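First to last, the protein sequences are chains A and B. If you're matching positions, the first sequence starts at 1 in our numbering and goes up one per residue. If you're matching positions, the second sequence starts at 1001 in our numbering and goes up one per residue.
Keep in mind that the hints were calculated from the coordinates and are not lab data. Don't take each hint at face value.
[Claimed, not checked] Straight-line alpha carbon distances no greater than 30 Å define the calculated BS3-like cross-link-like pairs of lysine-lysine that follow:
hint, chain 1, residue 1, chain 2, residue 2
1, B, Lys1018, B, Lys1035
2, A, Lys3, B, Lys1094
3, A, Lys3, B, Lys1134
4, A, Lys2, B, Lys1134
5, B, Lys1245, B, Lys1031
Values in this document were obtained by computation on a predicted structure and should not be read as measured data.
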Amino acid sequence: MKKHLRIFACYFRLNLASALEYRASFISQAFGMALSNSTFLFFWWIAFQQIGGAIAGYTYKDVLFIWAVASSAYGLSHVLFANAANLTGLIVTGELDAFLLQPCCVLVNVLCARTILSAYGDLFYGFAVMLIFFAGEPAAWLWFLYGALTGGVLITAINLAAHTLSFYWGDASAMGRMALEFTINFSVYPDKIYAPAVRALMYSVIPAGIAVHVPLRLFQAFSPGLALAALGGAAAYCAAAGFFFYRGLRRYESGNVIVTRL
Amino acid sequence: MQAINARNLTKTYRTRVKSEGLGASFRALAKPEYKEVEAVKQVDLSVEQGEILAFIGPNGAGKSTFIKMLCGILHPSGGAVSVLGLSPVNERRKLALRIGTVFGQKSQLWLHLPPLDSFTLLAAIYEIGEAERKRRVDELSELFALGDFLRTPVRKLSLGQRVRCEVAASLLHEPELLFLDEPTIGLDVVVKQAIRELILRRNRERGTTVFLTSHDPADIEHLCQRAVVIDHGALVLDSPVDKLKSDNPGTSMENIIAAIFQQETGRPLEAASDDTPVEEAPV
């Protein structure tokens, strides 16, 4: 465990150092992403001004909260574990070889080895929203942090499960993109706008509901049962995704594409 | 003691077969056809500790597949293999601590960062303490003359400098067995010779076993004690390099290997093309 924490910390430092090699690109991507997220909240503000009250049971402040959680959870996942969304590429080109040759947990080694610059913008944007709109509300901060952490891990697990299909299908990049798009769409709109069947999906196969909407419920009315059930569900989903990855890894067939590590 | 012991080692891939054209693509979508390809066919091979072995063959002969099974990257379809007394499939992490690899086509250095940063990461992965890491980096830096460019981003290094860093990185955890897959590919004559001398020195001073694949006959002549030739997944030659030289006085190693290859396979070595579609993504 201690060894893998050291590897995780080392990858984080190297990823950040690698990103900072191109300062202008880093700053523009991170800032650009935060700006892009702001436009969505602006449109939501206009919608609430026109309609007033609540949309599907969500007030504007509720929407701000789920946006903050979703943005930071997405950012955390893609800052720390960006390779989950890149797994198909690693499988198809044989880049997993380098990770399999090293004496540590393949999953930790693979997931931590990459970062996405723009995700820093997503990560900090969630905190900025919280600072502006929920500064004096400790309960909101508690459930925001709970949501950002469990959501970050869950988004990683969703990416991992979808891209692991590449071991079986050859190329599951489209499935990976689709899973991530569903996750984002399920995260940034009130969950009651979706049909019951879709909501079932949001709390099972693509558990964006657990990542974002449960923290809002807990903020609105704390329930220890719901908090524990959500944590248990998230842990079970992550364990299943990890198990699926290791089963798929047995089918890995490598490759001889010329590879450099960025 | 044996460093590698492979018995009847076999690797079979199932690969999709499709005729040319869009129509065939649609037919393959509705009714895909597959064929089995034996990339490695019941290979028996033993390598003693401290030995330097050349593993050669044309493109697509099965060299990389064989090495990847020895390293634990690929699971064999049949046979048995033991590397340093360990099973590569079941004891991959234990084995990885004791072997080093340089795959000419795959870098373990971070392109945008100096080699020193990659060495720090490798030290964390191989559980090397900070003081020990510094000692080993200093030692490798002196041996490979890395001092000038240890702090230069890898993208700004020449190919020769990068390969020296790659080999140094593979030795950081002081492996007992080194797999070198075309380590001198694309290098000029002077740098090739320098790399060879460094490998030889490591072998003499530490007794490191070296398993080398290369298309360069000079690598075999200057480095190796034994040459093994593989073609279409099967061994066609296993002989001491000295014996090859003494049996063919005055002939270059390139011509010796080419003549034996033609004798054994009925084809010239340079014409032995990659007609075996190995290592495809699963279907």
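Index of numbered hints that the structure contradicts, given in increasing order: The structure conflicts with hint 5 only, although it agrees with all the remaining ones.
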